[in-house]
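**Student:** Here are the chains, one letter per residue:
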Amino acid sequence: MELKDNDILSRNAAMMFSEMDGEVVMMSVENSEYYGLNQIGSHIWKCLESPLALNDLFAKLTDEFDIDIEKCKEDTMPFLRTLMEKNLIFINA
Amino acid sequence: MNNSSKYSYNAFGMNILSDILLPELQEHKGTHDVRISKRIVEGVLDGPENGMRYECSDPSNFIITIRKTIRFNIKDGNSIIIEIRPETDEKLIRLFLLGTAFAALIHQKMLFPLHGSAIRFNDAGIIFTGPSGAGKSTIAAAFSDAGYDILCDDICVINLNDYSKPLVYPAFPQMKLWKDSVMEFQHNEQDLKRILDGFEKFAVPMKKFYGKNPLPLHAVFLLEKHDRANFAIEEVKGIDKFKLLFEHTYRPQFINLLKIQQQHFTLLNGIGNEIKLFRIIRPEANYRLNEMVTLIIETLNQQVYGIKR
Numbered sequence: 001m002e003l004k005d006n007d008i009l010s011r012n013a014a015m016m017f018s019e020m021d022g023e024v025v026m027m028s029v030e031n032s033e034y035y036g037l038n039q040i041g042s043h044i045w046k047c048l049e050s051p052l053a054l055n056d057l058f059a060k061l062t063d064e065f066d067i068d069i070e071k072c073k074e075d076t077m078p079f080l081r082t083l084m085e086k087n088l089i090f091i092n093a
Numbered sequence: 001m002n003n004s005s006k007y008s009y010n011a012f013g014m015n016i017l018s019d020i021l022l023p024e025l026q027e028h029k030g031t032h033d034v035r036i037s038k039r040i041v042e043g044v045l046d047g048p049e050n051g052m053r054y055e056c057s058d059p060s061n062f063i064i065t066i067r068k069t070i071r072f073n074i075k076d077g078n079s080i081i082i083e084i085r086p087e088t089d090e091k092l093i094r095l096f097l098l099g100t101a102f103a104a105l106i107h108q109k110m111l112f113p114l115h116g117s118a119i120r121f122n123d124a125g126i127i128f129t130g131p132s133g134a135g136k137s138t139i140a141a142a143f144s145d146a147g148y149d150i151l152c153d154d155i156c157v158i159n160l161n162d163y164s165k166p167l168v169y170p171a172f173p174q175m176k177l178w179k180d181s182v183m184e185f186q187h188n189e190q191d192l193k194r195i196l197d198g199f200e201k202f203a204v205p206m207k208k209f210y211g212k213n214p215l216p217l218h219a220v221f222l223l224e225k226h227d228r229a230n231f232a233i234e235e236v237k238g239i240d241k242f243k244l245l246f247e248h249t250y251r252p253q254f255i256n257l258l259k260i261q262q263q264h265f266t267l268l269n270g271i272g273n274e275i276k277l278f279r280i281i282r283p284e285a286n287y288r289l290n291e292m293v294t295l296i297i298e299t300l301n302q303q304v305y306g307i308k309r
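Note that the protein sequences, when read in sequence, are chains Z and H. With the numbering used here applied, the first sequence covers 1 to 93. With the numbering used here applied, the second sequence covers 1 to 309.
Just chain H, with the same shape it has in the complex:
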């Protein structure tokens, strides 16, 4: 069985040994702490007609079943066993593996996954979070165009170091952009891979990926939009900061299933007290990306790094 494991990667701060090819991830040589294995299942899996089913009678074994075709067994914070039928589309497996299944593993390891995209600024991590369609990936791509490295898209893994300072870990060098954002950055639609056939969201390689080590996390920007023409920016503190970090946790429903409410609560507050959180509201009608980039850089310089103009 073991000689089928031939791929070695680094993602989300973990070294991974995998049975299946994961071209999205950066390769890694050396020891590993997470094992991804594959089992081919004949016949249908016991799963829901539509969507996903989560089972977690034992927190050390979190089970995700997608329709009757894919099952992930996420065990002990160090193993993902994928059960699939022989004909299952690999793109589909990877889409769920690198999102939902890894989110379960991250929660099981009691790390904090924040939903958003992260960039490197002043040798620190800055995260953009917000609801779907708020423009998290788009603003990260705009920073990338301006020469900044990207650390993650979609899931930003955060943990506290031995000095109780938050660190954000690079994920992997691919981002997902909606069709209109793909056009914005002049990628050629024909050259890009749709994340799923018939889906207007594309897998785009990151131009500048910061893929080495974790960076200290200094600030989080929550992106929202409104129907006015101006930008608005404000610092958020106290219970509102707690609320926003809680709500934008990736797959928050896994917390109760894994019975890690206390650990997540403690970690969230530990992180929250060490970072600045800003709410930035942009006009819905027109993204005006360059203005937004300038505003974010000004805010960071003045309110995080204390640089006066």
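Looking at chain Z on its own, in the form it has when it is part of the complex:
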């Protein structure tokens, strides 16, 4: 599934999440699967505290990390796709 700039990303509310030593830790209530996010991943997860459009997320990240938009997309898209595949985030256009 391809992501479009105006897609709204939101967290899967059925995931429990917390921080361990500054890294985001997530766990599914249903099947006890758990995931850990690295520093950048944790930061992106925190950006999604409330639903956010993809282009707004990129704007936020390029601003904060002082990188250009192409580089930002290249670096974050695989991560976002993984979150989608694992049902950790949803798209509601």
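No lab work stands behind these hints: they were computed from the structure. Be a bit skeptical, because a hint or two may be false.
Said to hold, decoys possible - In silico BS3-like links for lysine-lysine, alpha-carbon gap of 25 angstroms or less:
#	chain 1	residue 1	chain 2	residue 2
1	Z	Lys86	H	Lys243
2	H	Lys29	H	Lys212
3	H	Lys243	Z	Lys46
4	Z	Lys46	H	Lys237
5	Z	Lys86	H	Lys29
6	H	Lys176	H	Lys212
7	Z	Lys4	Z	Lys46
8	Z	Lys86	H	Lys201
9	H	Lys176	H	Lys201
10	Z	Lys60	Z	Lys86
11	H	Lys38	H	Lys68
12	Z	Lys71	Z	Lys46
13	H	Lys276	H	Lys165
14	H	Lys75	H	Lys91
15	H	Lys29	H	Lys6
Said to hold, decoys possible - Covered, in the sense of this in silico footprint (three residues per stretch, anywhere, with C-beta under 8 angstroms from a C-beta of chain Z), are these stretches of chain H:
#	stretch
16	50 to 56
17	143 to 154
As the list claims (entries may be wrong) - Across the chosen pairs, the derived CB separations fall in these ranges:
#	chain 1	residue 1	chain 2	residue 2	range
18	H	Lys68	Z	Cys47	54 to 62 angstroms
19	H	Glu247	Z	Ile69	37 to 45 angstroms
20	H	Asn50	Z	Asn12	50 to 58 angstroms
21	Z	Asn87	H	Glu291	46 to 54 angstroms
22	H	His226	Z	Pro78	32 to 40 angstroms
C-beta atoms are modelled at their ideal positions from N, C-alpha and C, and glycine is treated no differently.
For chain Z, the structure is supplied; the task is to place chain H on it using the hints.
**Tutor:** Relative to chain Z, chain H alone:
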């Protein structure tokens, strides 16, 4: 019915009034918050042919049935009702009561039971966890020989205090050691009680039991072994720390049955963020206990208490 209750104990941070004698536990005088009662059942219990069955259609009543002979009804975080047939071996009842049944009660009270042994170091609790046979009890016994108090063997109950700091509660002054460890500490095999007849694991009284109050928990050591000759030690953080604390929770399958996933997750992270966790890997061939004790003390002094050599 009530005049049959004559025994009063303290274990796992709970004051217990019991119908049955529990010689493993330390006695306690005063009020109680957990009641253990016994019901004799005629005929066979409805239970599995082998092993155990867990039932928990209502989280306030967790039922454990062991074969067709013992049933524990663990209720409301404050009561264990034991249903037994008249001829049931008391040793067997106590073995399951002080392990699996109390684990269910601890989870029901939304406390955190970590599988391992705890000692007192610098007036704090230090826990050794790890898979079966990793040497959790053995290293605790080695610390005991070196003059340190032991708090628990097998189940370490942890909770957060009002300031969100983790505390570990003393269990009871008996440990379970495998035959080879019993020999290591020069206990006489004849003097010790097998935890079950025909089983090469022995009940050993703790030489120095710290049985008063909970202690702040500062560190957990995960014990592993490898086929190399050296020791290896590393601090574990983030998701790996989460994973290890989750995996070494005592009876983790009770969490889903009791539907306390969110509470356990929150408690685990609250505890994890306040402690240091170290993985220590020892040579499988030879335990070299004294070296291991020294290494653990050095790690605690340098990496937990910031004391430079």
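**Student:** Quick check: which numbered hints come out false for this structure?
**Tutor:** Violated hints: 5, 8, 16, 17, 20; rest satisfied.
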